[in-house]
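There are 2 protein chains.
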Amino acid sequence: MALSGVSTICLSGMESFAAIPKGSRKIKAGNNMVILFQGDSITDGNRGRNADLNHIMGHGYAFSIAGRLGADFPEKKMIFYNRGISGNKVNDLAKRWQTDTLDLKPDVLSILVGINDAASVVFQREPVISVEKYEELYQSLLDQTLLKFPNVLFVLCEPFILKVGKVKDNWDSFSADIEKRQAIVRKLSLKYNAVYVGFQDVFNKACEKAPAVYWMWDGVHPTVPGHELMAREWMKQVDSRIRF
Amino acid sequence: MALSGVSTICLSGMESFAAIPKGSRKIKAGNNMVILFQGDSITDGNRGRNADLNHIMGHGYAFSIAGRLGADFPEKKMIFYNRGISGNKVNDLAKRWQTDTLDLKPDVLSILVGINDAASVVFQREPVISVEKYEELYQSLLDQTLLKFPNVLFVLCEPFILKVGKVKDNWDSFSADIEKRQAIVRKLSLKYNAVYVGFQDVFNKACEKAPAVYWMWDGVHPTVPGHELMAREWMKQVDSRIRF
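Chains as they are written, first to last, in my numbering: chain F, 1 to 244; chain U, 1001 to 1244.
Quick caveat, the hints were computed from the structure, so don't treat them as lab data. Among the hints, erroneous ones may be present.
As the list claims (entries may be wrong) - Here are the computed lysine-lysine pairs in the DSS-like style, where the Cα-Cα straight-line distance is at most 25 Å:
{"no.": "1", "chain 1": "F", "residue 1": "K148", "chain 2": "F", "residue 2": "K133"}
{"no.": "2", "chain 1": "F", "residue 1": "K209", "chain 2": "U", "residue 2": "K1076"}
{"no.": "3", "chain 1": "F", "residue 1": "K168", "chain 2": "U", "residue 2": "K1077"}
Here the structure is a predicted model, which is why all the values come from computation and not from measurement.
One chain only, chain F, in its complex shape (with noise of 0.2 Å):
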């Protein structure tokens, strides 16, 4: 991964946040850097849950990103932890931030969440976490995370869906509700200045090239391929904010 060259972006309308420090966060990537990626069942890519090297991981993006930092930059000793639990829900990584997140001490920390809360709402199932609530939860993580660790580089990712199966069966309902998720996620990813990785018009233009199904064969979990193009985002925007 060359040096990308971009520098400072100030972001018109941020709103100012203590924590954040000003000017540039292009992060030099420093020996042992831990970057922890937090999510549901898209992150947690059936991870092993000891400590076998062989699975740690899980099949997915995560395991993607890893793979390419890890062999391009070896020297760098970079630490990669998958905390990913499928089927969680903001709510259900709240519970878990201490153990999960905040005791790993993450140079980098990505998130994933989103699409158990929409459908929480979309087939009413308890906890319902409105899109209010997703909001006041997600920013009490990325604030409690700061707090302790306030050179802490956020990557935000936009929850996302594609018509398929249940969800092309609810297409109104879900759009409706991912939407509004998705526009939180940018908010925060300003506020925090944070790198934002925009899945979602990413899997849009894929579905140019192939019918969405091969892209994510539920219209919520990517396929093999569906992973490919989230790894090859999340590096391209990392990029510009990590001089490796």
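Could you slot chain U onto chain F? The hints should help.
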């Protein structure tokens, strides 16, 4: 993946084999091309055993390759199968060759097997698969496949080790044995005009950048960055033989 521009390579000393087409073996990737990965735990990658599309490729080089090709060439609708099974030796592959290979009608068949065969000799685990038996059975698998699919492209992957863990503890016997199996895979690659993927050299060179344990945590199983190196080498070698 760009066209490589590599034209037919005439391998001197290649033994004749009736079913192998003479001349160019650079094949054109048609629609619905079937790419099958066969092997042991390194290929398996804890892949799902059912039709659940979340986990079918496991976490390893097969996942990374399928993702890249699938993302780059969606219009080709390539079909990827992973049939690696943890602990398998070449005799285990033989037992399930019909259902797990021939029945899947591969256009490209990638095989990585040999480390458990070597371990059976080093640790005298029954059934011990000697080097001679390995060659005989391996060749028989290729012959069976060619008989049914004369145009199949074999991708023969070199088994490998690094000096870590139990491999290190038994280095002399392990390295002496695996070198013989590597020579067999090279020989069969020439004989069957296969793509040869020389992983050992890739890992040896990687060890100039980071310790062996960084790439292969127990001397046998690649780490996440190790799998990435495998995927890259596989793609590089196959790219010279398939026109996508």
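Outcome of the hint check:
1. Between K148 (chain F) and K133 (chain F) the CA atoms are separated by roughly 23 Å; this keeps the pair inside 25 Å, and the hint holds.
2. Proposed proximity of K209 (chain F) and K1076 (chain U) is supported: the alpha carbons are some 10 Å apart, at most 25 Å.
3. For the suggested pair K168 (chain F) and K1077 (chain U), the alpha carbons sit about 22 Å apart, so the restraint of at most 25 Å is met.
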